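The whole structure should be built from the sequences, with the hints applied where relevant.
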Amino acid sequence: MIAALTRGRLFLRLMMGLAMVFLYAPILSIIIYSFNESQLVTVWSRFSTKWYVALLHDEQILHAAKISIEVAVLSASGSLVVGTLSGYILSRFKRFRLRALFSGMVMAPLVMPEIIMGISLLLLFVGMEQVFGWPQRDVQTIVIAHITFSTAFVAVVVQSRLAGIDVSVEEAAMDLGASPGEVFFLITLPLMVPALVSGWLLAFSLSLDDLVITAFVSGPGSTTLPLVIFSKVRLGLNPEINALATVVILAVGLVSGIAAFKTAFKVLTPGKAIAQEGQDKCVSPA
Amino acid sequence: MIRHVRFLGSPKPGEGRIWVIAGPFLWFMIFFVIPFVVVAKISLSTAAVSIPPYVPLVGWGEDGTLNIALHFGNYHFLLTDPEYVIAYLSSLRNAAVTSLVTLLIGYPVAYAIATTKETLRGPLLMLVIMPFWTSFLIRVYAWIGILKPNGLINNFLMSLGLINHPLDILNNQFSVYVGMVYAYLPFMILPLYSCLEKMDHSLLEAANDLGARPIRAFVSITLPLSLPGIIAGSLLVFIPAVGEYIIPTLLGGADTLTIGTVLWNEFFGNRDWPVASTVAVALIVLLVGPLMLLQHFQSKGERS
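Those sequence lines, one after another, are chains A and B. Counting from 1, one number per residue, gives the positions in the first sequence under our numbering. Counting from 1, one number per residue, gives the positions in the second sequence under our numbering.
Quick caveat, the hints were computed from the structure, so don't treat them as lab data. If you're wondering where the values come from, they're calculated on a predicted model, not measured in any experiment. Hints may contain errors.
Stated by the list, open to error - Derived list of chain A stretches under chain B, where covered just means 3 residues or more per stretch with a C-beta under 8 Å from a C-beta of chain B: (1) 14 to 28; (2) 100 to 114; (3) 119 to 132; (4) 222 to 232.
Said to hold, decoys possible - Output of the computed footprint for chain B on chain A, the stretches with three or more beta carbons under 8 Å from beta carbons of chain B: (5) 82 to 88; (6) 209 to 219; (7) 245 to 251.
Don't be surprised by glycine CBs; every beta carbon is placed ideally from N, CA and C.
Here you go:
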């Protein structure tokens, strides 16, 4: 009996170890081989930083990086506004007409295949341009598209933070004569700051990474970094891209991952609610 | 007196709400719902050499009559052209296999994390999530270097003398599966974890006391109790996986056809926007069921 149990534990440990290798080996291989001197990416010759130097002189990549950062800052800020409102509504307004529709619209982009959102937003923009003469396809259309898909992530983070804030604090302020607006801006918003920081960072890195939606809605003058990377990697391995990838991994992944340490994992379960549903069933067998 | 003034100054709770809701609601109506209507509309048009490259559905005849031309040919084309049928079916198969394999790998991992020391759970979960923060495109690209003929795996195996010729493991169905399982694994582990973590372990002890073998206890207690996690994880993997574009393009072969790749090629390659729209509508139709199921779970979770 005991032997069987420990054998089971051993199996679990082994699986976990293998899964971690599986998840991290590709990322580590990119980082290691970015310092490889050889043009043949996977054949190690000797340590070199020449691909990083080449990166610094690549005008196309630098220009694309500038556009990507501009788009990411704008869309992260936009999704912070829309996402905070949406998360607040979903968490505090329990009953209103069309609530199911609203939560469906906010949350669906979490799982909706990007290719669908890309083509549908582009066709909308083209139709709008015909009718209203606006918008031109450039940074602004990319920003609108990015806000639309990353808002859900901000909303999930905000919602889970609000679930942990005692409503009685807000009610007390209301009883003492604060208007709903004052309660929101003086009480609720300050309490949400950690969620807002990680929501913004998450939206920022999602925007910086997006390829498929951006490919549809970008214009000729607004080529972002993932578009440049994609056009290069389609042709095969490229040591300069390894160097660029390392910079992206370290700059975005690590910094924002650590900054959002606490709330980060809630984001990946867009069914936070699903998880709760699961927990209910897990605790008490029906 | 003061109360009276306050009553006038602040509207009843509920009246201001509509203005709070209106902003985000309109945003998603305009940029998420209406675009689907536009896609459906353009799927009924035909391609033309113009800007934008399709024939308008509604037009005015020379004699001032209103002409509405709906063209259902794209749908007929989609249902009868073998290329599209194959793409449709192989996307379904890719997504189903990915869900199954991520479940088989993810379940033990989630179980291991959920049953480990409490202080270790946070860091382990963080390790599962961290890859999600790094670029999807770059992580998929990394597999090219690992799987290609003179890539890391083949070089390693050949240096050990285990194989003489490089294994053919890139640009085929196998590498697509590897990439998909790799990219979507965290989406499976997290819902499973949050379910398994809350499980009451005294149930397993009771089963043990009553003489159930560990396997039996797992099948009749743990597995059914984690079913919601299994369903949630499978949906979170399956839905985006059906429309996946980047992985089949970078890791697949010349014969790899998926809904994502044919849509992309129709749109950017052939500039046939109406057919691309039709492919998109077909994909949406396919996903309506799974999406409704997901929404059903979410609203149920919110009520409880």
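Hints and how they fare:
Counting residues of the stretch 14 to 28 of chain A whose C-beta sits closer than 8 Å to any C-beta of chain B gives 10, which meets the bar of three, so the coverage hint holds. Residue count for the stretch 100 to 114 of chain A with a Cβ under 8 Å from a Cβ of chain B: 13. That meets the three needed, and the coverage hint holds. Using a Cβ-Cβ cut-off of 8 Å, 8 residues of the stretch 119 to 132 of chain A lie near chain B, which meets the minimum of three, so the contact claim holds. Interface restraint, the stretch 222 to 232 of chain A with chain B: holds (3 residues with C-beta to C-beta distance below 8 Å; minimum three).
Against chain B, the stretch 82 to 88 of chain A contributes 4 residues with a C-beta closer than 8 Å to a partner C-beta. That satisfies the three-residue criterion, and the hint holds. Chain B is given as covering the stretch 209 to 219 of chain A, and this holds because 5 residues of the stretch bring a CB closer than 8 Å to a CB of that chain, at least three being needed. For the stretch 245 to 251 of chain A, the stated coverage by chain B holds: 3 residues have a C-beta nearer than 8 Å to a C-beta of that chain, and at least 3 were required.
The structure agrees with every numbered hint stated previously.
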